[in-house]
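Engineer: The residues making up each chain are set out below.
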Amino acid sequence: MNIEDIPRRRFDALIIGAGGGGLRAALQLAEADASVAVVSKVFPTRSHTVAAQGGMNAALANVLPDNWHWHMFDTVKGSDYLGDQDAIEYMCRAAPKAVYEMEHFGVPFSRLDNGKIYQRPFGGQSQNFGGEQAARTCAAADRTGHAILHSLYQQNIRAKTHFFDEYFAVDLLKDEQGNVLGAYVFDIHSGEEIIIEAKTTLIATGGAGQLFRTTTNALINTGDGMGMALRAGVPLQDMEFFQFHPTGIAGRGMLITEGARGEGGYLVNAQGERFMERYAPTAKDLASRDVVSRSIYTEVKEGRGCGPDKDHVMLKLDHLPEDVLQSRLPGIRQTCITFLGIDPADKPIPVYPTAHYTMGGIPTNRQGQVVVPVKDTPEEPVTGLYAAGECACVSVHGANRLGGNSLLDILVFGRSAANHIIQYLKENRFHKALDENTIQKAYDRLHRWDDTSNSNGESVDDIRRDLQKVMEDNCGVFRTQDVLDNGMEEVSKLAQRLKNASITDQSELFNTARIEALELENLMDVALATVYSAAARTESRGAHSRIDYAERDDKSWMKHTLYSSEDRKLDYKPVRTKPMSVVSFPPKPRVY
Amino acid sequence: MNIEKKMSSRVTSELRWRCRRGMLELDILLNGFVEKKYTQLSADQKNTFNEVLDYPDQLLFDLFLGHMESSDNNVSELVQTIRQSASV
Ligand SMILES: Cc1cc2nc3c(=O)[nH]c(=O)nc-3n(C[C@H](O)[C@H](O)[C@H](O)COP(=O)(O)OP(=O)(O)OC[C@H]3O[C@@H](n4cnc5c(N)ncnc54)[C@H](O)[C@@H]3O)c2cc1C
Numbered sequence: 001m002n003i004e005d006i007p008r009r010r011f012d013a014l015i016i017g018a019g020g021g022g023l024r025a026a027l028q029l030a031e032a033d034a035s036v037a038v039v040s041k042v043f044p045t046r047s048h049t050v051a052a053q054g055g056m057n058a059a060l061a062n063v064l065p066d067n068w069h070w071h072m073f074d075t076v077k078g079s080d081y082l083g084d085q086d087a088i089e090y091m092c093r094a095a096p097k098a099v100y101e102m103e104h105f106g107v108p109f110s111r112l113d114n115g116k117i118y119q120r121p122f123g124g125q126s127q128n129f130g131g132e133q134a135a136r137t138c139a140a141a142d143r144t145g146h147a148i149l150h151s152l153y154q155q156n157i158r159a160k161t162h163f164f165d166e167y168f169a170v171d172l173l174k175d176e177q178g179n180v181l182g183a184y185v186f187d188i189h190s191g192e193e194i195i196i197e198a199k200t201t202l203i204a205t206g207g208a209g210q211l212f213r214t215t216t217n218a219l220i221n222t223g224d225g226m227g228m229a230l231r232a233g234v235p236l237q238d239m240e241f242f243q244f245h246p247t248g249i250a251g252r253g254m255l256i257t258e259g260a261r262g263e264g265g266y267l268v269n270a271q272g273e274r275f276m277e278r279y280a281p282t283a284k285d286l287a288s289r290d291v292v293s294r295s296i297y298t299e300v301k302e303g304r305g306c307g308p309d310k311d312h313v314m315l316k317l318d319h320l321p322e323d324v325l326q327s328r329l330p331g332i333r334q335t336c337i338t339f340l341g342i343d344p345a346d347k348p349i350p351v352y353p354t355a356h357y358t359m360g361g362i363p364t365n366r367q368g369q370v371v372v373p374v375k376d377t378p379e380e381p382v383t384g385l386y387a388a389g390e391c392a393c394v395s396v397h398g399a400n401r402l403g404g405n406s407l408l409d410i411l412v413f414g415r416s417a418a419n420h421i422i423q424y425l426k427e428n429r430f431h432k433a434l435d436e437n438t439i440q441k442a443y444d445r446l447h448r449w450d451d452t453s454n455s456n457g458e459s460v461d462d463i464r465r466d467l468q469k470v471m472e473d474n475c476g477v478f479r480t481q482d483v484l485d486n487g488m489e490e491v492s493k494l495a496q497r498l499k500n501a502s503i504t505d506q507s508e509l510f511n512t513a514r515i516e517a518l519e520l521e522n523l524m525d526v527a528l529a530t531v532y533s534a535a536a537r538t539e540s541r542g543a544h545s546r547i548d549y550a551e552r553d554d555k556s557w558m559k560h561t562l563y564s565s566e567d568r569k570l571d572y573k574p575v576r577t578k579p580m581s582v583v584s585f586p587p588k589p590r591v592y
Numbered sequence: 593m594n595i596e597k598k599m600s601s602r603v604t605s606e607l608r609w610r611c612r613r614g615m616l617e618l619d620i621l622l623n624g625f626v627e628k629k630y631t632q633l634s635a636d637q638k639n640t641f642n643e644v645l646d647y648p649d650q651l652l653f654d655l656f657l658g659h660m661e662s663s664d665n666n667v668s669e670l671v672q673t674i675r676q677s678a679s680v
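Here the protein sequences come in this chain order: A and B.
With the numbering used here applied, the first sequence closes on residue 592, and no number is skipped along the way.
With the numbering used here applied, the second sequence closes on residue 680, and no number is skipped along the way.
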């Protein structure tokens with residue numbers, strides 16, 4: 001087929017991704033009468049947001065005293081001072097409104113007896129700038145993500161958002177000036193390719209947990225939007241910061257929510273010692289995620305792990321009253337019974353850190369505009385391109401995300417990106433002409449996998465498995481220069497091997513082999529960004545923890561990393577330490 | 593090319609894609625089952641499996657993780673079979 005014959009569709013805004021971030025933006029746009037297309041590789045309500053069980057943070061003060069400024073402090077501190085304080089202030093101020101909006105859209109938040117929204121305590125939350133534990137997380141039982149996703153989807157249907165369900169986005173399209181003008185996509189059912197031309201494009205493709213072998217993330221989380229951004233010449237920011245959730249089911253990856261510790265569960269080592277008391281005397285088991293992950297790793301490394309291989313620790317819930325387990329944590333009980341054959345009411349759960357959240361991503365400002373360094377300006381917007389949600393780095397999570405802040409992030413910045421798009425559309429009424437070269441490039445990338453001359457090339461499955469293992473071993477919870485250098489070398493070899501890979505399935509319809517190949521290309525680019533960024537950062541900060549550089553080094557490293565695919569180049573830009581209206585929180589040691 | 597073969601591989605790809613869900617738990621349960629056990633199902637059970645794949649993720653999660661039981665015997669039997677194949 002000639003590229004001139006490929007059907008074209010035109011919209012004001014194209015949203016790639018139908019998770020909470022994409023759907024929140026789409027709704028805002030559709031309600032403002034913009035023509036909006038949402039492309040999603042899975043049916044929208046099967047997006048990964050559905051998995052978020054714990055809840056979303058907002059300082060409503062329904063259970064304990066609270067205010068947005070304390071929330072801001074916790075988020076800045078949680079980020080290990082790498083978060084941008086203007087964006088954090090913006091998010092924490094907007095949080096209560098985001099919750100009320102969701103309630104209005106139909107999310108059935110759990111209630112207190114007095115009728116107000118129930119709030120549970122989560123790790124890293126404090127009253128009064130680092131004092132007593134706060135209770136800031138609003139939840140719809142343990143199905144908050146599901147409720148948010150379904151409510152937003154229904155609202156979008158009502159508002160007449162145009163959905164391209166089960167369409168795969170291959171690459172961004174541009175004009176000769178570099179303005180982003182849509183994407184090249186294909187229908188997974190029929191294989192039909194289409195060009196979606198849009199005045200504005202928002203990437204909301206979620207995280208990249210599939211980089212690692214043990215992960216809480218579903219198979220769809222392959223960092224596609226980050227790959228697209230890199231190929232379009234946009235750098236990725238702070239990719240060395242990948243959050244490992246402390247309590248994944250050992251060996252399987254799935255999450256035992258922080259809520260379990262919020263409700264009174266605690267960790268023990270092989271000697272039955274409640275070891276978090278040693279690492280975080282005040283917050284104990286509710287210290288922030290990286291602190292708990294590292295503590296578990298240390299216990300295991302120093303020989304106090306449980307089980308025949310001493311390779312995990314135990315999460316105890318068997319002391320909790322049965323009705324608390326049943327009413328507040330029903331999910332966990334059944335997860336353990338299904339996947340482990342263990343009832344946590346009787347026995348502790350074997351847990352170990354599991355790859356959970358991508359803090360880094362496509363650099364944006366708080367209006368969701370993608371920003372790149374141009375000459376002396378570190379943050380020049382790319383016209384027409386926006387990003388929001390886990391694929392973006394705005395950066396509110398900095399070096400470490402607090403539980404419950406991500407659902408908040410996707411909703412707040414999905415909305416604010418849409419508001420900027422609405423403004424942009426008022427000033428830019430016409431479609432610009434695409435550069436046919438960018439179409440050709442996307443076409444070639446897709447059709448490279450049709451080549452049957454290389455039929456005994458390597459298998460995509462094998463390379464993916466190897467990549468996930470290399471990343472886990474060389475870019476996981478504990479890092480040293482040797483380990484990371486080795487990681488760079490190994491991932492580079494894998495990237496080379498991928499060039500010679502091939503697939504045997506050449507059918508047009510439901511060609512999942514081709515999709516997995518395209519996803520692996522994205523994962524590979526994101527893996528390179530992650531390991532190169534990590535090897536260069538010679539300090540420990542948040543989730544990036546190095547044995548050889550155990551301290552945080554604010555003098556040299558209070559800056560964001562920017563990795564570009566071209567020459568695998570690293571660049572840096574300053575952290576935005578100045579909030580919008582309040583006084584900046586200066587870096588302090590992050591103890592809990 | 594042998595059309596029948598193409599058809600059957602197509603069905604499998606489609607089935608595999610439908611087993612890609614928003615939650616790791618469902619990915620593990622459904623994909624594991626399709627890879628290992630699906631071909632052993634009777635035609636009726638296969639139909640039931642296909643119907644079940646249309647359920648929303650949260651409902652599937654609730655069924656597979658025992659928070660809820662289906663009143664349709666065929667569904668609840670299938671759910672049991674899939675659950676049992678997981679806890680190894
Ligand atoms: C198990 C688990 C529990 C969690 N619990 C919580 C919690 O309690 N509180 C909290 O705040 N956060 C939680 N999180 C984090 C939070 O769920 C995610 O960060 C958030 O949902 C991401 O939303 P998103 O809109 O950015 O992306 P997603 O929901 O991941 O959506 C991505 C979308 O992009 C689409 N897409 C991707 N690639 C392509 C492509 N190439 N072409 C077309 N479409 C594409 C997908 O189809 C999907 O629609 C949890 C995460 C996990 C893994």
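Mixed in with the good hints, there may be bad ones.
[As the list claims (entries may be wrong)] Sample of chain B residues lacking proximity to chain A, with all beta carbon distances greater than 12 Å (derived):
{"hint": "1", "residue": "Lys628"}
{"hint": "2", "residue": "Ser634"}
{"hint": "3", "residue": "Thr640"}
{"hint": "4", "residue": "Asn666"}
[Unchecked claim] Taking lysine-lysine pairs in the DSBU-like style, the calculated list, with each CA pair at most 30 Å apart, reads:
{"hint": "5", "chain 1": "A", "residue 1": "Lys569", "chain 2": "A", "residue 2": "Lys555"}
{"hint": "6", "chain 1": "B", "residue 1": "Lys629", "chain 2": "A", "residue 2": "Lys469"}
{"hint": "7", "chain 1": "A", "residue 1": "Lys375", "chain 2": "A", "residue 2": "Lys160"}
{"hint": "8", "chain 1": "A", "residue 1": "Lys469", "chain 2": "B", "residue 2": "Lys638"}
{"hint": "9", "chain 1": "A", "residue 1": "Lys284", "chain 2": "A", "residue 2": "Lys375"}
{"hint": "10", "chain 1": "A", "residue 1": "Lys310", "chain 2": "A", "residue 2": "Lys284"}
Derived from the structure by calculation, the hints contain no laboratory data.
Beta carbons are placed, not taken as given, at the ideal position from N, Cα and C, and that holds for glycine.
Engineer: Each hint needs a verdict: does it hold in this structure or not?
Structural biologist: Results for each hint:
1. Remark: the non-interface label on lysine 628 (chain B) is consistent with the geometry, its nearest Cβ contact in chain A lying 16 Å away (cut-off 12 Å).
2. The beta carbon of serine 634 (chain B) is kept farther than 12 Å from every beta carbon of chain A, the shortest such distance being approximately 24 Å.
3. Look at threonine 640 (chain B): its CB is around 20 Å from the nearest CB on chain A, clear of 12 Å, so calling it non-interface holds up.
4. No beta-carbon of chain A comes within 12 Å of the beta-carbon of asparagine 666 (chain B); the shortest separation is about 20 Å.
5. For the suggested pair lysine 569 (chain A) and lysine 555 (chain A), the alpha carbons sit about 22 Å apart, so the restraint of at most 30 Å is met.
6. For a cut-off of 30 Å, the pair hint linking lysine 629 (chain B) to lysine 469 (chain A) stands: about 27 Å separates their Cα positions.
7. Restraint check for lysine 375 (chain A) and lysine 160 (chain A): not satisfied, since their Cα atoms lie roughly 42 Å apart, outside the 30 Å limit.
8. Restraint check for lysine 469 (chain A) and lysine 638 (chain B): the C-alpha separation of about 34 Å exceeds 30 Å, so the hint is violated.
9. Of the pairs offered as hints, the one joining lysine 284 (chain A) and lysine 375 (chain A) is violated, with about 46 Å between alpha carbons and a cut-off of 30 Å exceeded.
10. Distance restraint check for lysine 310 (chain A) and lysine 284 (chain A): the Cα-Cα separation of roughly 22 Å lies within the 30 Å cut-off, and the hinted pair is therefore satisfied.
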